[in-house]
Amino acid sequence: MTDAPHKMTARDVSVFYGEKQAVKNVSIDIDMDRVTAFIGPSGCGKSTFLRTLNRMNDTIGNARVEGQITLDGEDIYSSGMDVVQLRARVGMVFQKPNPFPKSIFENVAYGPRIHGLANSKADLEEIVARSLRRAGLWEEVKDRLNDSGTALSGGQQQRLCIARAIAVDPEVILMDEPASALDPIATAKIEELIHELRGRYAIVIVTHNMQQAARVSQRTAFFHLGNLVEYGDTDNIFTAPREERTKDYITGRYG
Amino acid sequence: MATGHEHTVKAFDQDISQLRALISQMGGLAEQAIHDAMKALSRGDTALAKEVRKKDKQIDAIEAELEKLIVRVIALRAPMADDLREVIAALKIAAVIERIGDYAKNIAKRVPMIHTEGEDRIEAISILPAMAQLASDMVHDVLDAFSARDAEAAARICERDNALDDFYDSIFRTLVTFMVENPRTVSQVAHLLFVAKNLERIGDHATNVAEMVYFAATGRYLADETATG
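Which chain is which? The protein sequence lines are C and A, in order. So that you can map any letter, position 226 of the first sequence is 225 in numbering that gives the first Met the number 0, and since no number is skipped, the others follow by simple counting. So that you can map any letter, position 54 of the second sequence is 53 in numbering that gives the first Met the number 0, and since no number is skipped, the others follow by simple counting.
Hints in this document: simulated from the structure, not taken from any laboratory. Note that the coordinates shown come from a computational prediction; the quantities given were computed from them, not determined experimentally. Where a beta carbon is used, it is the ideal one built from N, C-alpha and C, also for glycine. Some clues are possibly wrong.
[Unchecked claim] Which chain A residues face chain C? A few, computed with CB under 8 Å, are given here:
1) 5
2) 6
3) 8
4) 11
5) 16
6) 18
7) 20
8) 77
9) 78
10) 79
11) 81
12) 84
13) 203
[Stated by the list, open to error] Listed next, with one range per pair, are the computed distances between beta-carbon atoms:
14) 12(A) x 79(C): 50 to 58 Å
15) 194(C) x 8(A): 38 to 46 Å
16) 112(A) x 242(C): 34 to 42 Å
17) 12(A) x 194(C): 33 to 41 Å
18) 73(A) x 242(C): 34 to 42 Å
19) 10(C) x 63(A): 38 to 46 Å
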């Protein structure tokens, strides 16, 4: 596909919650300029695996990760890795919009401020405006930046969370079911946004909505019982998957 | 290719079986139309020929029903992978069978022109039924291949199209020779040329259906497969 080095690579990654192995020896490459979708039934390990990509599993007490994950060739689980810095570079958007109970402006300004990305107030305002624009929310909120972020509609809140993730200038954005709590129109806006953000960031999205995976991604990975069953071009996965299990799942024959 | 696995949503399986049933019903009617048209032609049976033309409306009606069903399946079930390929193939196959029915109807339409009052029986007619048999066998077998999701059987049907083309070339030469020798029959035999051409086109359509069956079953294009290996 591309000769450029992979943005992120995972090699033989396993995740355990105590004794239970949730992800089994997964190896996968994540590339810039494209959206990678993770699909699979509930409990297949896709969200767990997604969270290993910015070490969100560190916050879960009994979770243990084996194998190697790199970002630009650097092992993100090495002792030298600054996890706060890592999560700025690999941002995350969750299923339920979770804006801070602060103003719209502060929601977006928070990250750049603590990461010292703005040298002046004007600088910060510029970052906030740019992030909101990229998240497709600027026109709707530019006149009420001091309103509370939680007063926005669900779809707007989710775009605010995307703006917040973008504000710290990440390289990779992980999205865990970013549209599953939204109505179809808000969902379409998120999908359009993903389309626009592609190229600027490597995007990985977990979704239960197969049509959504087919629409927004260029590569699709199908997970089942902790295994990565099939990983390939989205076009092929949804029209002519190689694996029987993939086919059964996407055609609704999964038992 | 059809996995024995059922869909979690049972109504989807019912839709798919109804779709298959309609295709095979439509195919059966088209096949019958070819047989009856040729029988009418051989015997000069204009009543049977008229019957064939009337029955073509049934084929058209099933095609319309299939189209409605398929639009509904796509809207309601959003089929994927082999389901999607099958539904799309069914839509295209329905259109092709409808065309095959039209060719049979066209043969039937020519019966009164070939068997005109007071004319002797045209000898040359006797060489057409064997070609018709070959063409209708292709239609029959390709629909069997569709029902069975049998990609290999579909591929073999494509190979038979060459035999039908050879048949057509040879009949063409025979009919032209016949016209030269029997100038009085030119107008009737010209109609027989169209009959032969119709049969040849039916074979082409059966080949198209075979390609669709192959794609529906495997997700690969037959042309690509034969080109590379």
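Quiz item: Are residue 81(A) and chain C close enough, Cβ to Cβ, to be under 8 Å, as the hint says?
Solution: This hint holds: residue 81(A) lies near chain C, its Cβ roughly 6 Å from the closest one there, short of 8 Å.
Quiz item: Is 34 to 42 Å a correct range for the gap between the Cβ atoms of residue 112(A) and residue 242(C)?
Solution: Between residue 112(A) and residue 242(C), where Cβ atoms are some 58 Å apart, the hint is violated.
Self-check item: When the least beta-carbon distance from residue 8(A) to chain C is tested against 8 Å, hint result
Solution: Hint on residue 8(A): holds, closest Cβ of chain C at ~6 Å, below 8 Å.
Exercise. Can you let me know if the beta-carbon spacing of residue 12(A) and residue 194(C) is within 33 to 41 Å?
Key: 35 Å, holds
Quiz item: Holds or violated: is the Cβ of residue 18(A) closer than 8 Å to a Cβ in chain C?
Solution: 15 Å, violated
Quiz item: How about residue 5(A): closest beta carbon in chain C under 8 Å, or not?
Solution: 7 Å, holds
Quiz prompt | Restraint satisfaction for residue 20(A) [CB to CB of chain C, less than 8 Å] | solution = 20 Å, violated
Self-check item: Verdict for residue 73(A), residue 242(C) (Cβ pair) under range 34 to 42 Å
Solution: Check failed, 24 Å falls outside 34 to 42 Å.
Quiz prompt | Per-residue hint verdict: residue 77(A), partner chain C, C-beta under 8 Å | solution = 6 Å, holds
Quiz prompt | Distance restraint evaluation - residue 194(C), residue 8(A), Cβ atoms, bounds 38 to 46 Å | solution = Violated, at about 30 Å.
Exercise. Hold the hint about residue 78(A) up to the distance rule: shortest CB distance to chain C must be less than 8 Å.
Key: Result: holds, 7 Å to nearest chain C Cβ.
Practice problem: Evaluate the given range 38 to 46 Å for the C-beta pair formed by residue 10(C) and residue 63(A). | Solution: 56 Å Cβ-Cβ, so the 38 to 46 Å window is violated.
In this structure, the earlier hints numbered 5, 6, 7, 13, 15, 16, 18, 19 are contradicted, and the remaining ones agree with it.
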